[in-house]
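Enquirer: Turn these sequences into a full structure, and let the hints guide you.
From first to last, the protein sequence lines stand for chains A and B. Read in order, the letters of the first sequence correspond to residues 74 to 465 in our numbering. Read in order, the letters of the second sequence correspond to residues 74 to 465 in our numbering.
Among the hints, erroneous ones may be present.
Because identical chains share one entry, a pair is satisfied inside a single copy or across any pair of copies.
[Claimed, not checked] Derived BS3-like pairs (lysine-lysine); straight-line CA-CA distance at most 27 Å:
#  : residue 1 : residue 2
1  : K410      : K191
2  : K123      : K440
3  : K410      : K440
4  : K123      : K410
5  : K191      : K123
6  : K398      : K123
7  : K410      : K425
8  : K230      : K312
9  : K162      : K130
10 : K398      : K423
11 : K230      : K275
Hint data in this document are derived by calculation from the structure and do not stem from the laboratory. The structure presented is a predicted model; accordingly, all values stated were derived computationally and were not measured.
2 protein chains.
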Amino acid sequence: MKLPLGYAYAAAYAGIRNVETPDLALIVSGLPANAAAVFTQNRVQAAPVKLSRRHLKLSGGLAGAILANAGNANCATRTGDAVALASAKAAAKLLRLPVAQVLVASTGVIGVELDASKITQALPRLVASLSGERFDDVARAIMTTDLVPKTAFGEVKLRRGTVRVAGMTKGSGMIQPLMATTLGFVLTDADIPLAALRAMLKRTVERSYNRLSVDGDTSTNDTLALLANSASGVRPDPKEMPKMEEAIGRVMESLAQAIARDGEGAKKFVTIVVSGAPSNDAAARMARGIANSPLVKTAIAGSDPNWGRILSAAGNAGVAFDPAKTDVHMQGLAVCKGGLAAPFSEVELKRKLDAPECEIRVTIRGKGKGETRFWTCDLTEGYIRINGSYRT
Amino acid sequence: MKLPLGYAYAAAYAGIRNVETPDLALIVSGLPANAAAVFTQNRVQAAPVKLSRRHLKLSGGLAGAILANAGNANCATRTGDAVALASAKAAAKLLRLPVAQVLVASTGVIGVELDASKITQALPRLVASLSGERFDDVARAIMTTDLVPKTAFGEVKLRRGTVRVAGMTKGSGMIQPLMATTLGFVLTDADIPLAALRAMLKRTVERSYNRLSVDGDTSTNDTLALLANSASGVRPDPKEMPKMEEAIGRVMESLAQAIARDGEGAKKFVTIVVSGAPSNDAAARMARGIANSPLVKTAIAGSDPNWGRILSAAGNAGVAFDPAKTDVHMQGLAVCKGGLAAPFSEVELKRKLDAPECEIRVTIRGKGKGETRFWTCDLTEGYIRINGSYRT
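Expert: Shown next, in the form of structure tokens:
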């Protein structure tokens with residue numbers, strides 16, 4: 074699948090992280106792109122989050138570049154705001170863009186001063202090496218505890234021509250996106266008016282990033298930006314907008330799933346399907362409650378069909394439902410019918426739970442139409458090891 | 074310290090758990106006691122929770138006995154209600170009590186049928202062995218993954234004489250009491266009118282059990298019962314009620330702390346103090362957010378002074394506060410001032426964090442008067458090991 078037209082990419086090691094792997098990345102759109110973004114709902118927000126929000130407002134929703142770094146969240150530091158602004162300014166100058174058309178994003182440790190000169194000194198090299206092919210290099214440069222880079226691609230055939238969508242994201246701890254998660258960039262060369270782009274982002278983030286949790290911790294730096302630069306020259310017909318939105322939604326779902334698959338220490342990818350809840354939102358709350366229960370997550374890690382924990386976690390989600398009308402399936406096997414133990418083969422289910430992908434299905438029988446699909450991972454000793462000494 | 078007068082205790086192995094250690098326990102009050110209780114707020118409630126709630130209503134707040142078992146939660150099973158009732162009836166008959174004066178409580182695995190005959194067959198032995206001294210035996214019989222039994226004692230000198238308070242409880246996983254936690258029994262021989270007893274329980278549970286989380290999972294079986302049997306013949310004067318309440322509150326705080334200390338896999342006991350929040354409730358929500366953050370808990374386990382995670386977790390609690398006015402202390406050392414990194418000695422703080430007790434203090438400078446003290450534990454690989462195969 075081809076990359077969207079009209080974007081260029083670069084990544085380099087700027088000395089921000091301790092290990093010498095690329096930690097600074099640049100995405101540039103030749104034409105200023107219509108841009109929509111969602112940011113963390115955490116009360117504590119990193120400097121780049123605040124600056125990017127302001128820039129989108131000042132530019133009227135136009136972006137020409139995204140400058141991102143890993144290794145330092147640029148959050149809760151004395152010089153954070155100045156560092157974010159100096160970085161954006163330096164990039165704008167080199168790229169001959171209004172500074173408000175530069176978005177910035179950071180990920181890494183919180184509360185450690187970020188040295189702006191590391192970024193400004195690396196920027197000329199970065200700009201000099203921009204290439205339309207180096208998409209994967211950027212996806213690698215924004216990784217922190219991720220084991221694999223996370224990208225997803227789509228293509229939509231519209232009446233006037235074909236447009237492309239490409240997305241990248243990172244994980245893999247401090248992940249419970251509420252609005253968006255830690256650094257996701259989705260690019261398309263379609264020509265999508267800003268209002269439509271914003272509406273699309275709002276709906277697609279709800280079905281993708283906002284249906285994901287690794288550890289229930291919402292980061293201070295969550296930033297998801299969706300850029301449409303119209304480099305394809307193709308504008309979807311009004312009737313084709315759902316098709317366009319579907320392509321963007323699929324890329325974002327795929328990115329969100331990739332984060333859960335690569336959750337810190339994760340060995341298993343878990344899909345939670347809730348149906349029959351009072352509303353979609355209620356279904357999502359129940360699914361989130363199950364996804365964030367360490368008891369459910371450790372049972373999955375141990376292939377233990379401990380469905381009582383699933384029912385208990387659903388019961389703690391603050392949603393009114395009747396346990397007596399609730400069924401639970403694990404890996405397609407009924408383990409609980411009407412809130413009570415259903416007969417199942419322990420040996421068979423344990424074997425099925427050894428698979429790298431697990432499905433938990435909670436069905437409330439009745440009139441409720443609320444449903445959701447939610448992604449998470451198991452909780453293993455690896456998570457503890459990674460996070461016992463992340464900072465030091 | 075002496076036990077409260079007028080109570081007798083017994084414990085035995087009834088074959089409910091796989092390992093042969095006592096799993097059935099009985100507490101009997103010679104005089105019917107005024108009784109108040111709080112139960113889990115989980116939407117999914119175990120049969121003994123539902124029966125005990127009904128019994129307290131039917132008896133008008135009188136209890137003569139508490140029958141408790143470990144090894145099976147008697148929750149989400151087909152026969153659960155019948156088993157709970159049959160157990161209570163059998164105990165009532167042997168003790169010559171109205172059945173509504175028998176409270177029942179269970180803890181253990183969810184969704185596995187509990188065989189009532191194991192309980193009814195063991196009951197005569199249990200009743201025959203009742204003794205005023207076997208308090209600790211009961212505390213041991215209700216243990217599940219607990220490493221140590223949990224008891225606390227108090228004594229209050231009142232104008233008319235001395236009264237005693239004794240409490241027992243269990244942990245140590247599926248612990249985030251919201252209302253009360255998994256099996257706590259607090260007994261006093263004071264003569265406290267029912268209305269006053271209920272009000273005391275409501276206030277004291279708020280400052281003790283409801284300020285505790287091991288893993289953020291609220292159990293289906295949480296039951297905390299407070300009995301006052303007036304065996305001392307001493308009724309506190311109206312003016313002495315605060316003193317009485319203080320003694321009960323201390324016993325309950327001590328029990329709640331004991332659960333955190335013995336949290337599954339825990340190596341460290343963590344106290345979180347939040348002050349300057351908009352309200353006590355807001356302070357408690359922030360503290361709970363910090364206590365339930367796996368990233369904070371793993372950092373504590375690794376003695377990593379990663380205070381950014383503390384600030385981020387506080388920011389996710391849904392409480393409006395200004396990070397720029399927020400200070401964070403760990404082990405008494407300022408690590409964050411006004412939302413920004415404060416200079417501290419990494420080596421010194423790491424050494425201090427190796428202690429078995431850790432304190433996190435979040436102070437919001439401003440007009441807010443809300444404060445709280447909250448208890449939790451660190452998250453270690455031990456938690457994962459215990460919960461990967463709890464059921465099987």
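Enquirer: Against the structure shown, which of the earlier numbered hints fail to hold, in ascending order?
Expert: Violated: none.
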